[in-house]
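Q: Residues per chain are reported as follows:
There are 2 protein chains.
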Amino acid sequence: NASAIIIDGKAVAKQIREEVASEVARLKDAFGIIPGLAVILVGSRKDSQTYVRNKKKSCEDVGITSYEVNLPEYCTEEEVLKHISVFNNDPSVHGILVQLPLPRHMNEQNILNSVSIEKDVDGFNPLNIGCLALQGREPLFVPCTPKGCMDLLHRHNIEIKGKRAAVIGRSNIVGMPAALLLQRENATVTVVHSRTSNPEEIVRQADIVISACGIANLVRGSWLKPGAVVIDVGINPVEDPESPRGYRLVGDVCYEEACKIASAITPVPGGVGPMTIAMLLSNTLTSAKRIHNIK
Amino acid sequence: NASAIIIDGKAVAKQIREEVASEVARLKDAFGIIPGLAVILVGSRKDSQTYVRNKKKSCEDVGITSYEVNLPEYCTEEEVLKHISVFNNDPSVHGILVQLPLPRHMNEQNILNSVSIEKDVDGFNPLNIGCLALQGREPLFVPCTPKGCMDLLHRHNIEIKGKRAAVIGRSNIVGMPAALLLQRENATVTVVHSRTSNPEEIVRQADIVISACGIANLVRGSWLKPGAVVIDVGINPVEDPESPRGYRLVGDVCYEEACKIASAITPVPGGVGPMTIAMLLSNTLTSAKRIHNIK
Ligand SMILES: NC(=O)C1=CN([C@@H]2O[C@H](COP(=O)(O)OP(=O)(O)OC[C@H]3O[C@@H](n4cnc5c(N)ncnc54)[C@H](OP(=O)(O)O)[C@@H]3O)[C@@H](O)[C@H]2O)C=CC1
Ligand SMILES: NC(=O)C1=CN([C@@H]2O[C@H](COP(=O)(O)OP(=O)(O)OC[C@H]3O[C@@H](n4cnc5c(N)ncnc54)[C@H](OP(=O)(O)O)[C@@H]3O)[C@@H](O)[C@H]2O)C=CC1
Chain A
98 NASAIIIDGK AVAKQIREEV ASEVARLKDA FGIIPGLAVI LVGSRKDSQT YVRNKKKSCE
158 DVGITSYEVN LPEYCTEEEV LKHISVFNND PSVHGILVQL PLPRHMNEQN ILNSVSIEKD
218 VDGFNPLNIG CLALQGREPL FVPCTPKGCM DLLHRHNIEI KGKRAAVIGR SNIVGMPAAL
278 LLQRENATVT VVHSRTSNPE EIVRQADIVI SACGIANLVR GSWLKPGAVV IDVGINPVED
338 PESPRGYRLV GDVCYEEACK IASAITPVPG GVGPMTIAML LSNTLTSAKR IHNIK
Chain B
98 NASAIIIDGK AVAKQIREEV ASEVARLKDA FGIIPGLAVI LVGSRKDSQT YVRNKKKSCE
158 DVGITSYEVN LPEYCTEEEV LKHISVFNND PSVHGILVQL PLPRHMNEQN ILNSVSIEKD
218 VDGFNPLNIG CLALQGREPL FVPCTPKGCM DLLHRHNIEI KGKRAAVIGR SNIVGMPAAL
278 LLQRENATVT VVHSRTSNPE EIVRQADIVI SACGIANLVR GSWLKPGAVV IDVGINPVED
338 PESPRGYRLV GDVCYEEACK IASAITPVPG GVGPMTIAML LSNTLTSAKR IHNIK
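Protein chains in written order, with our numbering: chain A, 98 to 392; chain B, 98 to 392.
Calculated from the structure, these hints are not laboratory results.
Fair warning: there could be bad hints in the mix.
Claimed, not checked - Label-pair restraints from in silico Cβ distances:
(1) 167/B - 186/A: 41 to 47 Å
(2) 232/A - 213/B: 21 to 27 Å
(3) 119/B - 146/A: 56 to 62 Å
Stated by the list, open to error - Okay, derived cross-link-like pairs now, EDC-like style, lysine to aspartate or glutamate, Cα gap no bigger than 20 Å in a straight line:
(4) 322/B - 297/B
(5) 322/A - 298/B
(6) 258/B - 126/A
(7) 258/B - 298/A
(8) 258/A - 297/B
(9) 258/A - 298/B
(10) 322/B - 298/A
(11) 386/A - 157/A
(12) 357/A - 298/A
(13) 386/A - 126/A
Built from N, CA and C at the ideal position, the CB exists for glycine as well.
Can you build the whole structure from these sequences, using the hints too?
A: Structural data, given as structure tokens:
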């Protein structure tokens, strides 16, 4: 008797990509402007290559021009910085993305700090995060994955103000900004992390749960308040002899149990995953409009 | 049968001021360097004047040079910015503080943003707040009042890691940075604010409560978990015909009730209050040492 509404991130992401595509077309027709996204990939990690390929493909689909620089694993930090500087000064580039993780011999902070704040479509610059935390300030960009989580809540008319929320995980790219975003919309937020002694108790009080801890099936049905809304960011491989690849992907939340208790839930895959790239496209579009001062 | 340890902020602040004074003396003797703090006051609000006078007096007591600019209420934003720029470039100034609130016709954000990040002893620059929120980053300065709260916890050997904490209030200057600081030390933090529907329930689960909401006696004894540690930031005037001024100052927490339930509590006055200025002196000293590259 699963009763939860399934939040179809794939469908929402498709809709967003269509919205972006039509706005990109308008920019081109009315102003001759084509939004551009530059991606810098260092090394040849298989997963990073896949992510970059998907991002480029998605840009193409909506009419955003993508630029790629692929540097060898053993290039220097200076070379990466040089390419960022070129993109910072290139007026046809409106967003710059450095695919993480970087090789260990590079200083990630130096590199991320060097991306112009106006083109930081990932929203990882400390100045952006500071503006996210501060009342009365507006960040130029909101990090894509947590922005995608909020968008799913908004498009499903889920009330946030006055609600209790639990965010599981506090990473710089998902958990921490997700908590700040929920708090900005007047939820009362508790951040659960690996040192939390009684996570079930906290999660059980939450009307909204965003999980981003990277532990397969950590959150059981019994952890949830009946009627809670569950946004599962986790993408975790678990062994599965029946799958051709020998594994399949599951979330942080035990879906079979949760969908009987929650009022709405994102599946994995097909939930938050597709939203991340959709938000990247949307941030790139926003950036192009802001740089060219188009309403 | 009050049993709580009274956290004597006045005594701790005195100790910190003595520590700062002896380090300031060392800097002068060994390097000929005298830390300097510049304060900019716009207008003639009585309370602001008192705060600025106290800050200057405290600087004097520990051997920090203070500089003051007092501008009329109806000066322009440009004049304020000009003075900040002069202090930014003055090598004898290591900390710059703009007394808030500013007159309504000025843009507070522009003004605060113009303070050099290396001299932002208040820690209000978004870049500093971003570094406070991000794992793996270190802010140059931590805002004084929340830093004072943490220092009281540390000097009383109160364990933070793994504990539940409730922060009541989420202002840019107290509540929000206090929550980030507690989380950095691995507490599990819930931020309570004016839209929180069940504050008592949340506070009752907390091992550590930091309250900064500005409502006299909001937190009753019944809101507290037995043995909780209470840091009361609130400074709220309540009518008191027996006082010569007609009012007295109380905290956000009902002290008489709380001291029977809590294991430790800060009084108001004499708790967090004196810590704020002590932290300002400490931040100014740190800044002078950093600028002159002294260990
Ligand atoms: N859908 C998408 O597009 C994306 C999905 N992801 C997925 O989201 C998940 C999280 O990613 P990311 O944020 O980068 O991960 P990180 O590994 O950077 O962070 C994991 C967080 O979870 C916390 N945590 C670890 N164990 C527990 C536990 N037992 N209980 C509670 N909290 C715990 C950690 O706490 P502590 O800080 O104490 O170590 C940490 O804050 C992963 O599965 C990842 O694949 C990530 C990005 C995008
Ligand atoms: N000891 C010291 O040196 C200092 C003391 N203070 C004192 O600390 C207190 C707070 O100051 P400040 O942070 O500047 O105040 P602000 O007015 O800026 O912020 C008050 C915060 O409390 C929240 N709040 C208001 N009502 C309630 C309620 N009923 N329940 C829960 N939360 C509530 C507000 O929520 P929302 O965001 O939803 O509006 C807001 O986040 C004041 O008494 C002030 O005098 C301040 C600075 C220094």
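Q: All hints are to be evaluated individually against the structure, with a verdict given for each.
A: Outcome of the hint check:
At about 43 Å, the beta-carbon gap between residue 167/B and residue 186/A stays in the expected band of 41 to 47 Å. Taken as a hint, the range 21 to 27 Å holds for the pair residue 232/A and residue 213/B, whose Cβ atoms sit roughly 23 Å apart. For residue 119/B paired with residue 146/A, a C-beta distance near 58 Å keeps the hint of 56 to 62 Å intact. With a C-alpha separation of about 10 Å, the suggested pair residue 322/B and residue 297/B falls inside the 20 Å cut-off, and the hint holds.
A threshold of 20 Å between alpha carbons decides the hint, and for residue 322/A with residue 298/B the separation of about 16 Å falls inside it, so the pair holds. This hinted pair does not check out: residue 258/B and residue 126/A have alpha carbons roughly 57 Å apart, beyond 20 Å. With a C-alpha separation of about 18 Å, the suggested pairing of residue 258/B with residue 298/A holds against the 20 Å cut-off. Between residue 258/A and residue 297/B, the direct Cα distance comes to roughly 18 Å. Compliance with the 20 Å bound is thereby established for this hinted pair.
Between residue 258/A and residue 298/B, the direct Cα distance comes to roughly 18 Å. Compliance with the 20 Å bound is thereby established for this hinted pair. A hinted pair counts as satisfied when its Cα atoms are at most 20 Å apart, and residue 322/B with residue 298/A qualifies at roughly 16 Å. With a C-alpha separation of about 18 Å, the suggested pairing of residue 386/A with residue 157/A holds against the 20 Å cut-off. With a CA separation close to 19 Å, the supplied pair residue 357/A and residue 298/A stays within the 20 Å bound.
At roughly 14 Å between alpha-carbon atoms, residue 386/A and residue 126/A fall within 20 Å of each other, so this suggested pair holds.
Of the numbered hints listed earlier, the single one contradicted by the structure is hint 6.
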